[in-house]
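**Student:** One letter stands for each residue in the lines below.
There are 2 protein chains.
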Amino acid sequence: MSHSIDFYFDFSSPYSYIAAEVIEDFAAGVKAKVNWRPFLLGAAFKETGGKPLIEIPIKGAYHLKDFARSAAYYKVPFKLPSKFPANGLAAARAFYWIESQSVEKAQSFAHAVYRAYFAQDQDITDTDVIAAIGQQQGFTPEAVVVGSQDQMIKDKLRTVTETAIARGVFGAPFFFIGDEPFWGVDRLPMMEMWLATNGWRY
Amino acid sequence: MSHSIDFYFDFSSPYSYIAAEVIEDFAAGVKAKVNWRPFLLGAAFKETGGKPLIEIPIKGAYHLKDFARSAAYYKVPFKLPSKFPANGLAAARAFYWIESQSVEKAQSFAHAVYRAYFAQDQDITDTDVIAAIGQQQGFTPEAVVVGSQDQMIKDKLRTVTETAIARGVFGAPFFFIGDEPFWGVDRLPMMEMWLATNGWRY
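Residue numbers (the working numbering), protein chains in the order written: chain A, 68 to 269; chain B, 68 to 269.
In isolation and in its complexed conformation, chain A is listed as follows:
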């Protein structure tokens, strides 16, 4: 039987970036398929009273350290971007437009956005940057910009974000296997056990 993992992520979330770098290998190992679902974490924060980690006293300082350490642990290149956190809106809309053309290219685009932001310190709120990354996937910059502004694409991102919130997503990365929720890249071992035991009872 083949499993399916819904992978909710925000382009501004370091732990989501790490998850994006490792999730396909993980999924291959457990014979699962991954549904890549970028959403706007800021919208979820409005429901839960959450806020970006680095804005929280004391906890923020810990996480700045833990971002870099976690990246090293998972062997993923990481450099805290000059502009952090950043709004993932432009990247997420472009993702869904590219996805409407090719699911595979959308995943490659997501990887490229993450590396541009968290490894090369590019400004992913800049639509020129996003269009250039889209161009690497074989689209003209104009097509990416125009496609991202399509009302259907805007609605798609809004719907995914509302669905995420309705399913209880309050942070990122956030995974579902069926209805079972898992928050954080550090939950991968638990997801593996969950899949290996067909959803153990607890």
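Simulated from the structure, these hints should not be mistaken for lab results. Glycine included, every Cβ here is placed at the ideal spot set by N, Cα and C. Hints may contain errors.
Restricting the straight-line Cα-Cα distance to at most 27 Å, the calculated cross-link-like pairs of lysine-lysine (DSS-like) are [stated by the list, open to error]:
#	chain 1	residue 1	chain 2	residue 2
1	B	Lys132	B	Lys150
2	A	Lys132	B	Lys100
3	A	Lys132	B	Lys113
To spell it out: a stretch of chain B is covered by chain A in this simulated footprint if at least three of its residues, at any positions, have a beta carbon under 8 Å from a beta carbon of chain A; those stretches are [what the hints assert, rightly or not]:
#	region
4	119-129
5	136-142
6	204-215
7	246-253
Selected chain A positions facing chain B (in silico; Cβ < 7 Å) [to be verified]:
#	residue
8	Lys113
9	Thr115
10	Pro124
11	Ile125
12	Tyr129
13	Ala135
14	Ala139
15	Tyr140
16	Tyr141
17	Phe237
18	Pro248
19	Asp253
Take the given structure of chain A and dock chain B to it, following the hints.
**Tutor:** Same frame as chain A, but now just chain B:
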């Protein structure tokens, strides 16, 4: 070389309970010594604006599920206590009095308090319950009650809690290896790598 792990925990924290159940085996595996440091997480919350997980909208519901699931993952018995969260003050003071008599007995006492609370649904805010658990370690109930009220013991708990906050502790369990902070039982694999590589650079 022998390493030392400072283990900060609150008696009302489910993830601290799980950590307490597994930390000694973990430490034996990495040849480290564990300093058991119960503290009052509520005091840390006052500094950071944190609050008990289950009081947070949406996130609370997730963690109620994740407490039980994490316990199953780590193979630790768990039943959400009727009274949760509970104030760990009485248990923490009794811990430090017992520790003043025997470090080993204090650890056994901590284990017994955790199992009474998270597996047997006993009320650990009740000094009679705490005294009875102390009696299992070979102390008279009166000695535990009187010892816990000693000003030196009260000061000890206050000092440990203030030190924890000064070191940046904002949640529980919280570990330090030297000055390197690790938050959460899910950071044990990272701690293992940290120890195995003598504190890798990142």
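**Student:** Evaluate each hint against the coordinates.
**Tutor:** Checked hints:
1. Proposed proximity of Lys132 of chain B and Lys150 of chain B is supported: the alpha carbons are some 17 Å apart, at most 27 Å.
2. Between Lys132 of chain A and Lys100 of chain B, the direct Cα distance comes to roughly 24 Å. Compliance with the 27 Å bound is thereby established for this hinted pair.
3. A C-alpha spacing of about 22 Å is found between Lys132 of chain A and Lys113 of chain B, which places the hinted pair at or below 27 Å, so the restraint holds.
4. For the region 119-129 of chain B, the proposed coverage by chain A is satisfied: 6 residues have a C-beta within less than 8 Å of a C-beta in that chain, meeting the threshold of three.
5. Given as covered by chain A, the region 136-142 of chain B passes the check, having 5 residues with a CB less than 8 Å from a CB of that chain where 3 are the minimum.
6. Only residues whose C-beta sits within less than 8 Å of a C-beta in chain A count toward coverage, and the region 204-215 of chain B has 0 of them, not enough to reach three; the restraint is violated.
7. Taking a C-beta to C-beta cut-off of 8 Å, the region 246-253 of chain B contributes 4 residues in contact with chain A, enough for the three needed, and the coverage statement holds.
8. Violation of the interface hint for Lys113 of chain A is found here, the shortest Cβ-Cβ separation to chain B being roughly 11 Å, above the 7 Å cut-off.
9. A least Cβ separation of about 5 Å between Thr115 of chain A and chain B falls short of the 7 Å threshold, and the interface hint therefore holds.
10. Residue-level restraint check for Pro124 of chain A holds (minimum Cβ-Cβ distance to chain B is 5 Å; threshold 7 Å).
11. Interface restraint check: Ile125 of chain A against chain B, minimum CB-CB distance 5 Å, threshold 7 Å, status holds.
12. For Tyr129 of chain A, the interface hint holds, the least distance from its beta-carbon to any beta-carbon of chain B being 6 Å, beneath 7 Å.
13. Look at Ala135 of chain A: its Cβ gets to within about 5 Å of chain B, closer than 7 Å, so that hint holds up.
14. Interface hint status for Ala139 of chain A: upheld, as the beta-carbon distance to the closest one in chain B is roughly 4 Å, under 7 Å.
15. A cut of 7 Å between beta carbons decides the hint on Tyr140 of chain A: the least distance to chain B is about 5 Å, and the hint holds.
16. Look at Tyr141 of chain A: its Cβ only gets to about 10 Å from chain B, farther than 7 Å, so that hint breaks.
17. Because the closest C-beta pair between Phe237 of chain A and chain B is about 5 Å apart, less than 7 Å, the hint holds.
18. A hinted interface residue such as Pro248 of chain A counts as satisfied when its beta carbon comes closer than 7 Å to some beta carbon of chain B; here the least separation is about 6 Å, so the hint holds.
19. Because the smallest distance between the Cβ of Asp253 of chain A and any Cβ of chain B comes to about 4 Å, under 7 Å, the interface hint for this residue holds.
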